[in-house]
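One letter stands for each residue in the lines below.
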Amino acid sequence: MEARFHDGRTTASRPVKVWVEDEVLVFHADGEQRWPLETVRVEMVDDRVRVARAGDDPARLSIALSDWRDLTEHAVRHHRAVRRRELWLVGALATSAAVIAGVVFVGIPAASGPLARATPPDLERKIGRNLGGQVSLAFPACKGVAGQAALHGLGQRLGKTSGTPFDIRVRAVHAPMVNAFALPGGTIMVTDQLIALAADPAELSAVIAHEAAHVEKRHVMQAVWRSFGFGVLLDAVVGGGTGAGQQAVLLLGSSTNLRYGRASEAEADAAGQDLLTEQGLSSQGMAPFFQRLVNTSESKNAGAVKELISDHPDSQRRAAVSRARAKPGATAFTPTEWVAIKATCKDGYDPLKRVRSLF
Amino acid sequence: MSDAMPAAAGGEGPVVLSQRGQLKSFAWLSLRNGLLNLITLTLYRFWGKTEVRRRLWATTYLNDEAFEYTGRGVELFVGFLLALVVIALPFLCLVFGAQFLGPLFTLVVILPFYFFLFFIVGLGRFTAFRYLATRSSWRGVRFNIRGSARSFGLAWLGYMLLSAITLGWFWPAAERRLSGRLWGGLSFGDRDFEFRIDEARREKIYGAYTVGWIFGIIGYVVFIVVITGAMAPQLKAGGSPTPTLAEMEVIYAAAFLLALAYSVVFSPFHAAILRSVVSGIGFGDVRFKLRVKWFDMAGLTLSNIFFLTITLGLLMPFVEARTRKFLIGRLETSGGADLNAIGQAQGLPPRFGEGIADAFGIATI
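Protein chains in written order, with my numbering: chain A, -8 to 350; chain B, 518 to 882.
Hints were generated in silico from the structure; no laboratory data involved. Check the hints yourself; a few may be wrong.
So the derived list for chain A, only partly shown, Cβ under 10 Å to chain B, looks like this [said to hold, decoys possible]:
hint, residue
1, 1
2, 33
3, 35
4, 48
5, 87
6, 89
7, 121
8, 172
9, 223
According to the in silico footprint, chain A covers these stretches of chain B (three or more CB under 8 Å from chain A) [to be verified]:
hint, segment
10, 554 to 568
11, 652 to 661
One side of the interface only, derived from the structure: several residues of chain A facing chain B at Cβ under 10 Å [to be verified]:
hint, residue
12, -3
13, 37
14, 41
15, 85
16, 88
17, 219
18, 226
A virtual CB, placed ideally from N, CA and C, is assigned to each residue, including glycine.
Sequences and hints are given; from them, build the entire structure.
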């Protein structure tokens, strides 16, 4: 059969005659060349095949596809061998992917609880202090001293009841949202908009008790571990890539994270109400507050959709559950304290001025 | 049987580049790669990319012979793992560690690291280009690239800073110089390519860039007006500036339209810079010209965006193939070369591929 030979030393193209002898491809070019069929690599290029020896040898034979098929049965066998290798590769990769998925979606969330409990409180306090410093830059504390003291007092009482190793410090802050959140190490931030939305002491104390329960159960540290695990492992797999497939995997990771986040929220609702009851305080404020959240303009659009993208279970559903668990009790704040709390963020804060002062 | 016949007669001849084969096969390959990526949590992507390149090279012809891509998926995979250990891991440790330092220390540690990242991106571009060159061959003879990745990385960092200081006006010159460094350093076997900056400068690029720059700013202002307009009623009512779902839809739609508008207003520049770089490239007596007009370029970019958007990026290999067909179909050569007498490249190719570029998502093909 006619073929073209490129010896890999220059680009010269030489016509050669090739034949097969005992499963060995034979041709003459600078002496006799013998390429065992078992060791050659074949690549289809249009109506020809390019034959190479195994390894890095740059020499190539170019043979018409029809000639190659006539020349040897090997073409078919080679094709099968390539397919088999590919199947092995895909099988091995799919298995690795399944193991990684197991670790990411089951292992890490399951381990995050024990890991959080095993984290030395000192380390958690340190992380919390650093995080707190950064958060305070964006959300400065409100200036009303008496209001802050009243909030702090409730935090201290709840901390003692829960037996948490952390000193619970509640702080009212300026922020453009209705929210309250706990940082690692026991700091709880309540936004000015949330304080404005709360109708009575029972509602506000329910929110603070909910956050104190997060601290008690070490949910914050749990979330830190979970995010760390998801982030490191998924990034290692997909390489922070920008492809659609890579983004889909990352999205899957964050939705799993949110699912576990929602379980923590439900647990904190119940534990928060228990903390209030143990203190002899009313836990009846939680349900009306969630109802109020539902009624605010922000939550009006599609609760179900909102739940998918938020780590808080749908407020309406939470309201119903906490209504069932609620117990009557004393008011968390005296009327004087309540007035001070309501006024604590009315300190003439101007977000625009604040932004300008940063530059 | 007879011994080898003498080598084909030498002498200079024309150099013709062409793209053969059907785009349809790349659509099937896209689907196959997409499915395999799905079941392997995208771990297959290194092998998938290799297969795309192998087919692209095998359908690109120099005269009567197709190019060959000799890279392997496992090389890309190992390169990726190395980049992960050498760059991503220290970066993560640094960012995590900075949490325990004061804000000033954080600034002192993190800021230089961001500069270092720009250097690394440049380095990654060079090493990716080198990997592609050394894995490309024609008649068994490899391509290679001269020059150091480190100096390219430094040049990249410097040009980026200059571009930022000049509000982007240095960028066209920077892009031409950087491309010149890559193409001018390329060699095929024992013959060097060259890059003549004076030839490249004959193709004007700043007029086209001005069009993109001015319309780019106008587009941005319109975008800001649209999203502020969408959120105005809520802001006036004293509500929270957190956008509602409907407002988010408006913002996303506006951002998508802005991206489309950018690809159109910058297509004169993209066409001009390609024409300029290509006309600077020489190989012996062979010179190159790219006949690409701005509306061709806009058409290509918009249709590529369309294919990628409706398939969520799945058709990437197909888009790469049609882009290559588009460019090679418009490439003209003049002058001749003796393509039978080029010797093999000296030195061994690098062992692993483009991990750094891959880690930053900048490897285009």
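Annotated coverage of the segment 554 to 568 of chain B by chain A, confirmed only when three residues or more have a Cβ within 8 Å: holds (count 10)
Residue hint residue 1 of chain A, partner chain B, criterion CB-CB below 10 Å: This interface hint holds because 5 Å falls under the 10 Å limit.
Residue 223 of chain A as an interface hint toward chain B, with CB separation required under 10 Å: This interface hint holds because 7 Å falls under the 10 Å limit.
Should the interface hint for residue 35 of chain A be scored as holding, given a Cβ-Cβ cut-off of 10 Å against chain B? Result: holds, 8 Å to nearest chain B Cβ.
Holds or violated: residue 85 of chain A as interface residue toward chain B, Cβ cutoff 10 Å? 5 Å, holds
Take the shortest C-beta to C-beta distance between residue -3 of chain A and chain B; is it under 10 Å? 4 Å, holds
Supplied contact hint for residue 41 of chain A, tested at 10 Å Cβ to chain B: With a minimum Cβ separation of about 7 Å from chain B (threshold 10 Å), the hint on residue 41 of chain A holds.
A closest beta-carbon separation below 10 Å is what the hint needs, so does residue 48 of chain A meet it against chain B? Holds: closest Cβ of chain B sits about 9 Å from residue 48 of chain A, inside 10 Å.
If you take the shortest Cβ to Cβ gap from residue 172 of chain A to chain B, is it below 10 Å? Hint violated; residue 172 of chain A Cβ to chain B Cβ min 15 Å, cut 10 Å.
Measuring from the C-beta of residue 121 of chain A to each C-beta in chain B, is the shortest one below 10 Å? 5 Å, holds
Is the hint on residue 89 of chain A kept, meaning its closest Cβ partner in chain B is under 10 Å away? 8 Å, holds
Please verify that hint: residue 87 of chain A, Cβ, nearest Cβ of chain B, below 10 Å or not. 6 Å, holds
The structure fails to meet hints 2 and 8 from the earlier list, while all remaining hints are met.
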